[in-house]
Structures are given as C-alpha cells and as structure tokens.
Amino acid sequence: MRLRDLFKLLPETIRHRIIRSRLRLNPEASSDFIFKPAETKEELEEAFAVLHDAYVGQGYMDPHASGLRVTKYHALPTTTVLVAKDRNSNRVVGTISIVRNTSRGIPLDSAFSIKHIKSQYAHFAEVSSLAIRKEYRNKPTDLLWPFLRYFYRYCRDVMKLEAYIIGVNPSWHDLYSGILGFKRLSGLSLKEYGFVKNAPVVAYIADLAEQELIFYKEY
79 MRLRDLFKLL PETIRHRIIR SRLRLNPEAS SDFIFKPAET KEELEEAFAV
129 LHDAYVGQGY MDPHASGLRV TKYHALPTTT VLVAKDRNSN RVVGTISIVR
179 NTSRGIPLDS AFSIKHIKSQ YAHFAEVSSL AIRKEYRNKP TDLLWPFLRY
229 FYRYCRDVMK LEAYIIGVNP SWHDLYSGIL GFKRLSGLSL KEYGFVKNAP
279 VVAYIADLAE QELIFYKEY
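The sequence shown runs 79 to 297 under our numbering.
Think of the hints as simulated: they come from the structure by calculation, not from any bench. It is possible that part of the hints are untrue.
What follows is a set of in silico ranges between Cβ atoms, one per label pair, in the way DEER data are often shown [said to hold, decoys possible]:
(1) Thr156 with Glu296: 41 to 49 Å
(2) Glu296 with Leu268: 36 to 44 Å
(3) Glu123 with Leu88: 20 to 28 Å
(4) Ser197 with Glu120: 32 to 40 Å
(5) Ile92 with Ser197: 32 to 40 Å
(6) Ser264 with Gly145: 34 to 42 Å
The structure presented is a predicted model; accordingly, all values stated were derived computationally and were not measured. Yeah, the Cβ is synthetic: ideal placement off N, Cα and C, and Gly gets one too.
Modelling step: build the complete structure from the supplied sequences, incorporating the hints.
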C-alpha cells in the first residue's frame with residue numbers, strides 16, 4: 079500500500095491537522111499577481127478560457143469550439159467573476175465565480191433541494207468555477223492561497239455575504255473541509271451533477287463568520 083493510501087486511512091481530525099501544518103502561507107500577497115474582479119471583455123474571455131481548459135483537463139466538460147466555458151449564470155449581473163492576473167504578462171491565470179442567490183436560483187439547485195439552507199441567510203451565494211492555469215498550479219503559496227484569501231475578503235467586505243455553498247468532487251474533501259473550513263451539508267447524498275458532465279458532487283457550506291474564526295485559530 080502506498081504512503082498516500084495509508085495517509086487517507088488516518089482519522090480525519092489527525093489527517094487535517096497534518097495537512098494544515100504542512101501549508102506554507104505567505105501573510106503578504108506576492109507582487110507577481112493582481113487579484114481583482116473581471117472588468118473588461120478581455121478579462122472575462124481569458125477567465126473563461128482558463129476555466130475551459132481546467133474543466134476539460136479534469137473531464138468535467140467536452141472541449142468547446144470557442145475554447146471557453148460560459149454558463150447562463152455568468153450572464154447575470156448578480157454574478158461576480160474574480161480573476162488572478164500575472165503582473166508580468168498581464169494575462170489571467172486564475173478565476174473563481176460568485177453566483178449570488180436570486181429568484182433565478184444557483185447552479186446547485188439542479189442537484190439538491192437547498193431551500194431550507196438558503197432561507198437561513200439573507201445574503202447567500204454559490205462559489206463556482208475555480209480554476210488555475212496549468213503551469214501556475216505548482217505555486218500555491220504565491221497564487222492559490224492569496225487568491226482564495228482575496229476571494230474570502232471580497233465576499234465578506236464587498237458582497238457582504240453571510241454564507242456560501244459549493245459543490246465539489248468528493249476527492250477534494252480535504253481541501254474544502256480540512257483547509258478552508260467548509261462543512262459538508264448533512265442529509266444531502268452524493269449526486270451526479272449535470273453541470274460538470276455528471277461527475278459526482280458533494281455540497282459544502284461555509285458561514286463566513288464561523289469561517290473567519292477558523293482562519294484565525296488555524297492560521
């Protein structure tokens with residue numbers, strides 16, 4: 079049995095403690111990257127291209143002739159697309175979308191019945207479409223962690239969200255639960271999610287106030 083397989087057999091609390099202890103977090107964002115909302119047609123197109131390539135690579139969609147992944151939720155004025163840009167090349171190298179809950183709903187409504195969850199929060203959204211350009215994925219200290227920190231603060235301080243939900247492949251449980259402080263929604267079983275080519279998906283939620291306490295405690 080491989081060491082990785084043995085590691086997965088550890089109790090979750092111990093496994094997550096080890097994972098957090100091995101993180102290398104820089105308190106200051108790298109000067110190599112800019113984090114901001116997408117504001118131009120070019121930034122949006124680059125973000126959707128990064129998303130397309132990441133989703134095709136993970137088997138979550140078939141290649142599209144446009145080279146872009148755009149959903150109907152991206153057309154809503156209540157959806158915000160955040161981008162990470164390489165300061166040297168000025169190109170988008172990472173993206174994440176925040177789909178605010180409205181009367182039109184959110185993507186996960188197609189897989190789960192979550193009205194009872196949404197009713198608990200006046201300001202609620204779904205986190206969606208996280209992708210990093212392939213050649214930048216080996217730089218989590220410089221790119222991924224600062225980008226997620228920016229995302230959290232944008233949701234808290236600009237969008238004034240109280241909570242957000244996310245649907246992820248169960249293989250990403252340790253990232254979202256052990257590192258980012260999301261909780262798996264009880265009572266919701268694993269589903270095949272048409273939004274990502276019927277890949278299995280699990281729903282997780284984070285209350286931003288609770289998440290902030292976790293961040294201060296752990297990091």
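Status of each hint after checking the structure:
In this structure the supplied range 41 to 49 Å is violated for Thr156 paired with Glu296, their Cβ-Cβ distance being about 31 Å. With their beta carbons about 27 Å apart, Glu296 and Leu268 fall outside the hinted range of 36 to 44 Å. For Glu123 and Leu88, the Cβ-Cβ distance of about 43 Å falls outside the hinted range of 20 to 28 Å, so the restraint is violated. At roughly 39 Å, the beta-carbon separation of Ser197 and Glu120 lies within the given 32 to 40 Å, and the hint holds.
Ile92 and Ser197 have their C-beta atoms about 36 Å apart, which keeps the hinted 32 to 40 Å range intact. The hinted range of 34 to 42 Å is satisfied by Ser264 and Gly145, whose Cβ atoms lie roughly 39 Å apart.
When held up to the earlier numbered hints, the structure conflicts with 1, 2 and 3 and fits the remainder.
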